[in-house]
Each structure stands twice: as structure tokens, then as C-alpha cells.
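Sequence lines, in order, name chains A and B.
Taken in order, the first sequence gives residues 1 to 505; the numbers are from the working numbering.
Taken in order, the second sequence gives residues 1001 to 1707; the numbers are from the working numbering.
Some clues are possibly wrong.
Pairs of lysine-lysine residues, derived as DSS-like cross-links and limited to a Cα-Cα distance of at most 27 Å, are as follows [what the hints assert, rightly or not]:
id	chain 1	residue 1	chain 2	residue 2
1	B	Lys1527	A	Lys231
2	B	Lys1196	B	Lys1113
3	A	Lys231	B	Lys1196
4	A	Lys231	B	Lys1176
5	B	Lys1686	A	Lys231
6	A	Lys72	A	Lys311
7	A	Lys126	A	Lys115
8	B	Lys1123	B	Lys1113
9	B	Lys1176	B	Lys1226
10	B	Lys1196	B	Lys1540
11	B	Lys1665	A	Lys231
12	B	Lys1527	B	Lys1637
13	B	Lys1196	B	Lys1216
Calculated directly from the structure, the hints in this document are not laboratory data.
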Amino acid sequence: MKEHLQQMDSVDHSCEDCQTLRPANSALFGGPTIGRREFFQIAGTGVAGSFLVPVFSKEVKADTYAAQLNGKARNVIFIHMDGAPSHTDTFDLKVGSWTPADFTPDTYNGVIFPKGLMPNIYANLKNIAIVRSLRAPALVHGLQQTWKQIARNPTSLLGKVAPNIGAVVAREFEAQRQPNQKLPGFVALNGGNVVQSGYFNAKYTPFAVTASTNGLGGLTNNFAGPDDFGKRYQLLQDLDGENRVDSPLGDPVTDMDGFYQQSRAMMYNPEVDAVFKFSTADANRYGILNGTTPTPTGFGNSCRTAFQLLKANLGTRYVQINIGGWDNHTGIYATNAGIYPSARQFDSGVGQLLNDLAAAPGLNGSSMLDETLVVWMGEFGRTVRTGTGTAGLNGNAGRDHFFQHFVCFAGGGVSGGRAIGETSSDGFAVTSPGWSQGRPVANEDIAATIYSALGIDYTKTLHDDPYQRGFEYVPFATQGLWYPVNEVFSRDALPSRPKLNPRGR
Amino acid sequence: MPRGKKEILSSSGSPNQAKRLALVAFVVAGLLFAFDRFGAFDALGQRAPRQVARQAEQPSATISDCSFVKRPEDYIGTEARHRSAVSQMTELAAASLAGEGVQLVPPQQMPRKNFIDDLIFGKMGVAGIQSAPLCTDEEFLRRATLDLTGRIPSADDVTNFLKDQDQIKRDILLDKLIYSPEFNDKWAMFFGDLYKNTAFASNINRQIGGAEAMHKFIYDSLVQNKNYAQMATEMITARGDSYADGTVNFIVGGNVPMGPAQDTYDGLAVQTGTTFLGLSSMDCLLCHDGAGHLDAVNVWAAKTTRQDAWGLAAFYARTRRTQVNVNNVARYTVTEATTGDYDLNTNSGNRQNRTPIGSTRSIAPKYMFGSKGGVTTGEDRRTALARYITQDPQFARAIVNYIWEELMVEGFVSPSNTFDLARLSPGSTMPDGWELQPTNPELLEALAQDFSSNGFDLRRLIKLISLSNTYQLSSKYPGTWKVEYVPYYARKYVRRLRAEEMHDAIVKATNLPPVTQYTPSGGVATKMLGFPILDENNVKLREIQWAMQLPDTAQPRQGQLGASSAAFLNSFLRGNRDTNARTGDASILQALNMMNNGFIQMRVNYMANNTSTTNVSGYVDPIPGYNTDKILSTVKKLMETTGLTNEQIITQLYLNTLSRNPTQKEITKILPFFTPASGQAAALAKQRAIEGIQWVLLNKVDFLFNY
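The following block holds chain A by itself, in its conformation from the complex:
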């Protein structure tokens, strides 16, 4: 939180200023209020509770909120902008003396955007809903990266064993898997800090691979043909005993074999092989123009692979892609450096991804974009006021870590061409949350939105976690603490805060 301190050191505003940044009556940054009584009520329901003294297991008798689901999407592509992009230079653009001329700000449907920096995204704004009232709970890369992937505080008890949202989605959709669908439900591309499957069975672990035109290695055994390989594999099963396959000792015990089974299913499968291969022309198209030479990028390759993974419909439902390089503490506007390389890769990769998704027919008569929710966000935003350097920048012509940031949704039922929520003229604080809950949006709300898009009941609690506390998909959602930003799905007037829906337990 060094940058945070710098921010605090250099901004000469009082505590009263700061109070205005908080949601009313909230003692937690970016989080909604919860009373003391409720606090101890929900303390026993899962995520809270002391890891030292597991004594809270009080039944919750309070009224609960039913999930409000949109349910138009069947797949998710979650793009993690690793390093935290500057919100005021990208999706919450604030134009000022510092803004480089080549950003060429322009508006689409009243939404201001750096058209010059990201032309392909600009061309797709009609499909994109930008949520600008997002606040990060922490300014530490690792913590917040993990937080948003598991929809809860990583320091909480269940935070240690919580699965990635993608693993939850993979598990939810496991029952829909058809016999020919051999690919893991959850695939992670282009590295980065990817949370794994937590306490879930290892078959929901993200299959982390490198995207390349050559496809995936290791899907065949060059020496043993399929028949010989099958015989070998069978002998392995026979020798290691039933325990390897169907252990009486429960899920975790079969994990190791889970990896073998999954790997085996992917082998000698031309369909699977084809999913990971693509042409140089595609790689160039998703890559960037470097001078006049198109250059494939790891991120572009990953976007192309994500498209093919979903198009093939071989069981993958959730793809997480990492794109780094956004941690622009120094020289954010430096020529061909700073924010430019990441922004260009991002623009080309996501732009083409959205184009291809929109052009491809989906399973249910509409386009693939209609049934694929694409989400992108950083882990937090970057400073907008500092005292020393050029206006708006720090002493190194860069921007440091800051709470305010954005999240974008496209496809999967999203009604695009809009910005939801407003920030102050400098992007420092939320002035209008712009959604039903009337407070800034948090990580947990984004998770609820993703589940809502997929029609997954985000208030669900599983009772198979190792601590026997109950694993809530979105913590406290039944208490109405977090809520999906369903506004992204509808152009209509904002729905009012949903009524309490007593349904007991």
C-alpha cells in the first residue's frame, strides 16, 4: 500500500473528504453496511468466523433475499488486467492537460472513451456496459487479484480454500456435460495469478496452458498408438487398484487420478487437438500492428484460443485470460511504453474476440456473443491527484495504486453502449453508484453479476467444505449484503432495491 500512502501523503484533503468516499454508515472501504447484530448472526454462516476459535455456528433465522438472475449466458470469458490499469486513462476517461493527443477522446452514446488508444474497443462500445462505480477493498495486487477471483476476502477462513469463480461455474455445469465433451470446464490462458479450485475436486482446477498456433503438446503419445496407449492405461488402473478410480475415501483422494482421467480423455482426440490450433493469419489478426508488421501476442493468441474453446463446445464454460503490464508507476504516457503496449494488445485481442463472437452463430439461434459474457477489470485503479509531477501524475510521470476503478461487461445478455455509475470530475470518488443498491460496486457484486448472467443461484451454499461452515457462492448474499449489478442487462429504468423475500431456511 505504498502508493496508497503516497496518495494520502500528497493529497491535502481532510478526513471529512474521506468520509464522503465511504458508503453511508460503512466502516469498511467499498463495502455496504452491516449492523452489529447481523454481523454476529452471519458470522457463523461461512466466510466469517475466527480461524482460531471455530465456535460460531448459530443458525441464521433472519429473512433472506432470493437470487435475481438474468440467465442468458452459457459461457464466461474473464479477462484479468494484471497490474491495475489506470481507470481515468481507459474506461473512465478523464480528459485533462495530461491526456496525450493520440488518445483522441471521443464519445459513443454519451460515453467518453480514448478512441485513439483502443480503436477496436471503441468500435465495440455498442456491446459493452462499463460500470464506473467500482471500488477496490485493497490496494495490494496479490490480495485484490485473489479477492476478485474468489468473491471474498482471501484472509477469511474460507478464503484459504475457496475455489475460483471459474471452478464454481465448472462444477455447476458439470451435470450438463455431454459424453463427447472432453475439455476441462475451466481453462486459464496467458499465465498470471490464477486461483485454483480450492477445496473442490481437482477436476475443476483451471487447465492452465499456453496458447500458440501449434496447439497443445502432449495430447498424443508418439510411440504408442491409441490402442497400445489404451492397454497401458488400463493396466495402470488395474495395478493401482480401485482406489485410483473410485476411492471410498472421498473426493480429495481421487484428485490425483482426476488429473490422469482428464488428461486421458483429451488424448487422441482430433476435435480437442483442433481447438488449440489456429492459423498465423488469426494470430496476426488478434495480435498488434507493429509498424506495418502484424505481431502475434500471447494475449491475442489466448483470446483466439478462448473463442475456439467456446465455439467447439467441448465442455469448457469458463475461460480466464491474463494480460499484464498495467502497473504504470512510471512514464505512463511514454512513447510506445507505459500504458501503450498493454492497451494495444488488449484492444486488438478483445476487439477481435468480440467481433468473432458476434459473427459466430450460437447454440440457441443467436450469436455466440449473446451467450458468452465477457468481463474485464483490473485489481484496482490508479491515482488521479498527486502533488509533485505533471498535473494528475506522480513524480515519475506515472500513476500509483488507487481504490477507484471499473469493470466492463459485454455479451451474454448485456445491454451495451452504456456507462453505469459516475465518478467525480477527476475520477477520485463515486458520485453516483448508478445501480439498485445505491452504493459503490464491490468484487462480490461482480461475482454475483457473473452468476446472474449464467443463471447460477449466487445465494447457494454448499455444505461440503472442509471446515463445515458452508461455502457460500457469494458470501452473505442471502442477507442481501451483495447483489448482482443486473442493470448491465437492461436499458430500462433502474429496478428498485429488491424487496425482502422471506423464505427462511
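Fit chain B to the known structure of chain A by using the hints.
Chain B in isolation, oriented as in the chain A frame:
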């Protein structure tokens, strides 16, 4: 607003600054509440408001790379997670192991080899937990060979050990292993991990020359069986050239860039505290007081202040490092200045501001633990620090715990660098809700005592542990196992083979080492077994034959000779000794690699050892045709040895790969593999069978695990 802001005002003076600090305090209060809300309220469910006020007295927040905030799982709850993982993994592996008819043993009846057994089985007896039986000779041989030397035993080792009728043959074996050259390889890897010896770290590049020198220092110290206190002293007091003297790289590694010198003094204190005392909370304490931050994590740290921690960092306030570049590659010289202090005068960098406390403008070196001593006249600061560290009982406890964890899978204190000094001895008074931290405090203390009163002898310590019947228990537990038994060590816990162990075990089982061809600039190509260690300019420094001999997990480097081995090693998550720790996790990629990676395929296939490359799919490892007389793969040898029955072939493959004989049941299951398919030539059927069995055994649970 918390009231603490008055104190801030009096020490800083400026109203503006007070405002800022007050704001910081507010943020901290918010974070505190976040912690409270999500995990850290006390036993009564009460939040202590005074924590907030106390916090404000030492304004603080976490830094962008605060290790606690970045990876809180390293600190909170890991103990339980690790225990549960150890328990489940052991259940899994044991279920697939051969061997039947073993029975639990009442701990009272378990023979005792040394005081370890007294304290382990005694405690087990009191708790009413039954012990697993002792492991078999085959199990012991493989386990000890892997743990002590990082390799699997050869087929001959197995048959000879089984034939040996000596009553104390296990004792004799341990001596043989402990004094073998492979022992030095394995423990150099272990200490390389512990000391984070890597050429390329995020805070500083030691460069290949530096990492090589540090590896040499570790290796040579092991060869000499250097007194461990001496080893630590040499590193803490190191001075000189980083390529010439490996110890210097310990100091180099403490560098913290982008900040004032105090950040590096702090970095060195953190490194010293974590490495030699097992106190990773030093990292937290050098930013802020423990109170209000670590209350839920560590009782000792919660009552320790940043000022205390500065006292430790001040021992490094005269440490100086200069850099020279030779051929564009950095090397460093570390010296000790005669003047210089730890000044409280920073307002930028990686840790929050250091401002005077009253009239105190600089911090004198003061050992924050136990003796609280300073520097004596005529003694330089780091010499004094080394003296305090090595005389501290915690020094012995920390290394004993690290080594116990290495051999027993589960440390007394776990994670092994999270010691809580206030919860170590049975006499400690602790706040409500806390219990003693080590799972067996008496044994930890006894081992630490034995270690320090016997010349800090690592070999003695390792022998003591591996000789105990506690170490020699079976991993099978023929009864109802509970995760609650883990702290009692009522069975041997299993672990996956580490990346290097896996690589070397495959090489040893199949008898096909990697072969690489090195061409020096303007010179003649030469082929070698294993791979070369190349410097930044691709000049060969030396050759190594086994992965366990690698100086650094960054070797072999990407795109360089041995890179195919490196990709294979990386999929087993060997970490980078910097931001990613080594882990024992599995993945689909590992399974795919074990089944299909060229590294495996080459070693299973009969043809791979011949001159043809046609079906090798671009794989150049080993180089076909290289010394085929000398390198005869296990598969090829079995194909070309006449007169072997199918049963003998199976047995030979088992001995080579799994270090044990097959059971009759297994032989029965495998024999049909030799039956030719219709129209298949007998020779081809035999070849396919041998290849297939070799492949199966490499993928078998008892190959993948040390059990």
C-alpha cells in the same frame, strides 16, 4: 476518528502532516475492521476498540508488497490446510500401495531407537492413538534414499539390501547415505531453496556467477559437514566479491530496490529473521507494530514494536554493497563501513516513513530477542549479530524444524517459518484461545538442545531423525485414520516427488540420462551426459549429470541446452526461489507430461535408444546414436538380454523403477501384456510389453510419491 491522532501531532509537529497521518489511521481502522469482520475477532466475538487507538500511535499501513497481505494464506490457516492435505494425500497413496496384512501397534509396544521415539510414542500413548507398524525394508530403502540423497535406489541396491541379514542394516544404510556424494547434492538443493539462491530475483540479480558461488559455498559446507552456526556466521558477516565468495550473495539477496538504504537494512533483517530464526513476521514488524495487525496471527509479534525490529535492522546499517559490471554482467562487493547508523529520516520507499521518536533520531543495534544486547567495543556490527543469532536457542529450533519438516513432511511448526516465540514452551502464559504452537514442544526443544550441544552437526541431526522408528513407520494405517492424528506422527506421511527427484528418478529407472551437445564459441562441439551450466555469455562453467545438482531452479535456462529437462522440471512446480515457492501440487499438465512428454517417451521407447530419429517428433534428448554402447536403456537391455522369463522381466522393471519386487498379484495382472495380438510378431509383442510396463510403472502411485 480514533483519538490517537494527538500523539502523532506531538511527534510530527505539522498540522498538515497530522491530517495526513490521521487519514492513514482512519484507513488502518477501516482495514482493521475488515480483518475483524472476516476473520480475526477474538474468542468472545468482541472487537477490542483499543486496538484501533493503539494502532494510531504508530501510524501504519501495509506496503504494496507486504507479504502478509499479498499471500495471507502463508500466515493464516495454512497449518490446518497443510495438515489436512498431508493426511488426505497419505490416505490416497497408501490405499494404492502394495502390501497387506499389516496391523496397528499400541505405541507402548513400539521399540524406541532414541529420544525421538520416547517423546513421539509416549505422547501417542497418552492420547490413546494407535501407531502404524514399522515399514518394510523395501519401503525404508526407497524412502531414506530419496530423503537423504534425492535419488531412488538402484535395482542392485534393493536386492543387496533385502539379502543383507545384519540386524542393524538400516543403521548402516543411513551412514552410507549420509556420507555419499549424493547427500551433498540433495541438501545443497534444500539449502538453496532455504536461502533463496537464484541468479535472477525480483529485488536483485545475483547473476549466474553469484548463484554459482553461493551454491558452491553451500555444497562445500556440506562436504565439510561445517558446523551450522559457523555456516550462518559466515553468511551474516560476509564480505568480499560475490563471484569469489558465495556467502556474499546472502547479503546481496537482502537488497531492496527503489528506496532508501534503511529499506535494505530492513530487507536483510527480514531475511536473517526468516532464514535463521523462522520468523517471517519480521517482515510485518518492520513496517508497523504488531499490535492491531498480528493479534490474530502471532502472540509474540502482536506485542513487538517496529522500534524493536529496527534494533535488529540496525546491525546491518554499516553494510555496504557496490556493483561493478564486467562484460555487462553485474557482480558485487560487500564491505562493512566503520560509521553509519540506522536513521529515522525517510519519507519514501518501500516501507512507510521513518520519523524521529521524541529526540531519538537514529536507532542503535539491539538484539530484539532474549539478551537484548548491543555491539561490544571493538566488535563490528554483523559479527555481533552473528554471535547473538547463533547463540539464540531459536536458531537451533528453526533449523531443526526445517529439517524435521523435510524428512517428516509435517513440521512441528507449520508453515515452518511462522514461529510464535510466545507459544513455544509449556510454561508460556498465553491469551485465552491460544495454545502452544509446536505439535510436540518437548521434542522440538530436545532436538534443538541436542543439535546445539553437539556442534550444530547437520549430519548428526539428519541421522537422528531418520534412525528413529518414528521416521520408519509405515505410511499405511490399517485402521480408521483421522486428520487429528497428524500432529502425533502416528504414521509416515507421504509426499510427491519433487521436480528434481522426479527427473532423476525417471533417468535412473530408465537408465537414459539427458545428453547434450555443447559448442563453445569458435570451438568444437562436444557431447556430454547431463547438461552444462552456462554463464550469461553461454560459456560453459561446468557440467552436471543430475537435476539434483542444479545450482538454481532457473537452470537450465529457457532456450538453452537442457531446456527440455527444464520444461519438464517446471511442470512439477519447482518454484523460482523468489516470488513462487516450490509446491507439491499436482495438475493436468503434470499428468500429461508423465504420460506423453518427450522426456518420458524417449525413455520408454526401445527405438529411442537406436540411431533412428524418425519417430521421435523432433526430440533431441538424448542425442540418438551417442554412445549407444555406454547408455543402454533399461528397456533396451531387457529386450536384448536373452533367456529372461517374462516374470523376470517384470521383476527387473519393478526393481529399477519402483525399487521393490512385484507382488504375485501384480505379476498375474501384468503377464497377459506379453501375449501377442493376432498376427503380431513375437519380438514386437515383447518390445511393446516391456515398453508398456515401463510406462505404467513410471506413472504408478508408488513411483510418483515418496511414501
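Hints, verified against the model:
1. B/Lys1527 to A/Lys231: 37 Å, violated
2. B/Lys1196 to B/Lys1113: With Cα atoms ~35 Å apart, B/Lys1196 and B/Lys1113 exceed 27 Å; violated.
3. A/Lys231 to B/Lys1196: Since the Cα atoms of A/Lys231 and B/Lys1196 sit roughly 44 Å apart, the hinted pair is violated (cutoff 27 Å).
4. A/Lys231 to B/Lys1176: Given pair A/Lys231, B/Lys1176 is violated - Cα atoms ~41 Å apart, limit 27 Å.
5. B/Lys1686 to A/Lys231: 14 Å, holds
6. A/Lys72 to A/Lys311: Within the cut-off at roughly 17 Å; holds.
7. A/Lys126 to A/Lys115: 13 Å, holds
8. B/Lys1123 to B/Lys1113: 16 Å, holds
9. B/Lys1176 to B/Lys1226: Roughly 19 Å separates the two Cα atoms, so the pair holds.
10. B/Lys1196 to B/Lys1540: With Cα atoms ~23 Å apart, B/Lys1196 and B/Lys1540 stay inside 27 Å; holds.
11. B/Lys1665 to A/Lys231: Distance of about 18 Å is within 27 Å: holds.
12. B/Lys1527 to B/Lys1637: Roughly 23 Å between the alpha carbons, so the hint for B/Lys1527 and B/Lys1637 holds.
13. B/Lys1196 to B/Lys1216: 14 Å, holds
The structure fails to meet hints 1, 2, 3, 4 from the earlier list, while all remaining hints are met.
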